[in-house]
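*Asks:* Put together the whole structure using the sequences plus the hints.
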Amino acid sequence: MIPLQLDLLTTHYNYYAVVLLLGIGLYMLVESANLVKKVIGMNVFQTGIFLFFITLAYRTGGNPPVITDGGGPYVSPLPHVLILTAIVVGVSLTAVALALIVRIYAEYGTLDEDTLEQLYYD
Amino acid sequence: MIEHLPVLLVVLPIVGGTVPLVASLFTDRAGWPVATLTVFVHAVLAGLLGWTVWTEGVVSYAVGGFAAPYGIELVVDGLSASVVVLVGVVALGVLAYARHAGPHSNAFYSQYLLLVTGLTGMTVTGDVFNLYVFLEITGLAAYGLVASGREASSAVAALKYLIIGTVGASLYLLGVGYALAATGTLNMTDLADKLAAVGYDSTLVLTAFGLMVGGLTVKVALFPLHTWQPDAYANAPDSVSAFISALVSTVSAYALARLLFSVFTVEFLEAVPGARWALLTLASVSIVAGSALAVSQNSVQRMLAYSSVSQFGLVIAGFTVATPIAVVGATVHLLGHAVMKGGLFAASGVIERETGATTVGGYAGMAARAPVAAGSFAVLALAMVGVPPAVGFVGKWYIVVGAVEAGVWPVVAVLLASTLLTLAYFARLVERLYFAEPTIREEAAVADGGASVSTGMIAVVVVAAVLAVALTAAVPALEQVLEQTLPPLLNQ
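For the protein sequence lines, the chains are A and B, in the order given. Its first residue numbered 1, the first sequence is counted upward by one per residue in our numbering. Its first residue numbered 123, the second sequence is counted upward by one per residue in our numbering.
Among the clues, some could well be false.
Unchecked claim - Using C-beta positions, here's what the derived DEER-type ranges look like:
1) B:GLU125 x A:GLN118: 56 to 64 Å
2) A:GLU31 x B:ARG272: 29 to 37 Å
3) A:VAL88 x B:SER324: 47 to 55 Å
As the list claims (entries may be wrong) - Here chain A is said to cover these stretches of chain B; the calculated rule only asks that three of the stretch's residues, wherever they fall, bring their Cβ under 8 Å from a Cβ of chain A:
4) 172-184
5) 279-286
Said to hold, decoys possible - Facing chain B, a subset of chain A residues (Cβ under 7 Å, in silico):
6) ILE49
7) LEU93
8) VAL96
9) LEU100
10) VAL102
11) ARG103
12) ASP114
13) TYR120
Honestly, the hints are just simulated from the structure, not real lab data. We treat Cβ as the ideally placed atom computed from N, Cα and C, and that holds for glycine.
*Replies:* Pasting the structure below:
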């Protein structure tokens with residue numbers, strides 16, 4: 001069993017990074033009282049997903065997916081393209097979120113969630 | 123041109139959506155006419171597509187000429203055709219309301235058309251990643267529309283909606299990743315075959331199911347993932363509340379059904395009873411908790427929002443039971459709820475403008491001051507409770523019959539109780555409207571409100587109330603459309 005686990009540890013480090021990024025992102029998103037940090041957490045969370053897709057595409061010894069004379073196993077280009085789209089979506093979401101935060105700050109003068117909650121329900 | 127209909131339905135509003143922004147260089151009132159023209163053509167094309175599906179069966183379209191499963195495929199069957207027609211009709215109706223109620227800016231109408239694009243795209247697509255992209259387009263447009271309210275609280279509600287909605291969509295995307303890892307394909311039909319080949323007990327497949335369905339339930343706003351919804355509905359401008367309450371959750375629920383039937387298929391639900399029971403439990407809890415929260419609300423719009431949590435529990439329960447009659451019932455209730463809830467939000471907007479009343483207490487005696495809006499509100503509320511012959515009754519009846527057929531007795535009990543629970547919050551309000559002494563003085567209301575009501579706004583509310591009853595007559599036609607669609611979906 002031990003060699004197998006070692007094997008897992010050494011070959012799957014990308015997935016550890018994915019889990020770490022997802023966890024940190026989600027924690028920031030839930031726990032941080034600062035609205036900007038929440039948005040940063042959202043970005044970290046999404047980055048975890050991007051890394052997950054890119055890791056899926058990887059193939060040991062694979063060539064870039066441009067068909068040349070070399071031939072042979074290629075890495076899958078599909079997840080790359082998907083993530084290119086997802087990154088664009090992520091950037092738009094961040095832009096909208098920050099625009100909303102600017103408006104909230106202009107109106108309430110705070111970015112702190114708890115203070116905002118008090119002002120919001122008054 | 124006919125064969126390009128599915129893609130035209132998506133392209134038309136997105137191109138139309140850029141026009142008001144460009145027109146801002148010359149005039150700031152171009153938004154409404156452009157949006158109306160675009161949505162009108164959109165609705166006509168949607169009707170045409172519905173007709174084609176009815177007469178000729180499933181329409182499928184390969185975007186850019188790349189054949190499925192490599193390219194993106196758009197598939198329209200009876201189920202998606204009825205949702206597309208709903209999107210077209212409701213979008214047109216809300217525009218009639220927004221003509222006077224506003225917001226009037228060009229940017230608002232650009233976002234409006236963008237939302238129509240997203241909703242249509244989610245409905246016609248046959249590709250799970252494409253669904254994610256349209257889910258996010260719908261989301262982005264909806265966040266912007268919620269924030270278009272005058273008060274700053276609308277920005278807070280929109281940010282909350284954005285953060286929770288993004289987590290939901292991201293979980294869905296993660297689920298797509300697992301499905302892709304298991305099968306290497308994104309096309310829904312292709313996925314159905316390959317997921318079966320991988321085996322339904324595979325961890326990858328089960329995780330994909332959990333993440334994709336979990337992500338979508340956030341967008342549908344099932345309890346306990348509904349927390350974004352009451353704030354968003356209550357703080358958005360009335361036109362926006364009517365529009366998103368009628369369509370955004372509806373189309374997400376449709377997407378969930380599409381995922382259940384076209385991607386994971388009924389065999390998956392049979393092979394993994396745990397998944398089915400998890401979803402049925404979530405739906406049942408949503409029905410009860412949504413109603414309980416609705417009863418305890420003081421603000422009418424928040425009450426209507428929690429009512430949606432409960433009603434979508436009903437719809438999802440119907441889809442998960444997955445007998446043909448339950449699915450017909452869930453579809454009828456999905457479409458009926460859209461008309462009724464949109465109408466209720468529009469009516470509450472009119473009542474607020476005419477009398478200044480926004481709370482359950484404030485509604486007391488307002489039937490005398492806003493007779494038409496209050497009458498429509500009462501009709502819509504009773505239709506939602508499920509008083510025959512309204513469409514709310516037919517949907518619930520079919521879902522219950524389906525659940526009895528499937529023998530899921532705990533769900534049957536919740537479904538029957540749900541009618542009583544719905545009555546609990548709506549009867550209270552209707553009773554106040556008609557039989558209580560006013561608590562708001564007339565002068566106070568005039569000085570306080572002062573916002574006028576147009577014929578268009580009243581017309582929308584009345585038409586919604588009439589449709590809530592008249593749609594019952596359209597149920598047999600819908601059944602006919604679904605009769606061609608459902609057997610292959612449910613493998614019968």
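*Asks:* Compare the structure with each hint and give your call.
*Replies:* Consistency of the hints with the structure:
1. B:GLU125 x A:GLN118: 56 to 64 Å: For GLN118 (chain A) against GLU125 (chain B), whose Cβ atoms are near 58 Å apart, the range 56 to 64 Å holds.
2. A:GLU31 x B:ARG272: 29 to 37 Å: For GLU31 (chain A) and ARG272 (chain B) the Cβ distance comes to about 32 Å; the hint holds.
3. A:VAL88 x B:SER324: 47 to 55 Å: Roughly 31 Å apart at Cβ, these two residues miss the hinted range, so it is violated.
4. 172-184: The restraint on the segment 172-184 of chain B is violated, since only 0 of its residues have a Cβ under 8 Å from chain A and three are required.
5. 279-286: holds (count 4)
6. ILE49: holds (5 Å)
7. LEU93: With a minimum Cβ separation of about 6 Å from chain B (threshold 7 Å), the hint on LEU93 (chain A) holds.
8. VAL96: holds (6 Å)
9. LEU100: holds (5 Å)
10. VAL102: With a closest approach of 9 Å, the VAL102 (chain A) hint is violated.
11. ARG103: Result: holds, 4 Å to nearest chain B Cβ.
12. ASP114: Status violated, d = 13 Å.
13. TYR120: holds (6 Å)
Hint check: violations occur at hints 3, 4, 10, 12; the rest are consistent with the structure.
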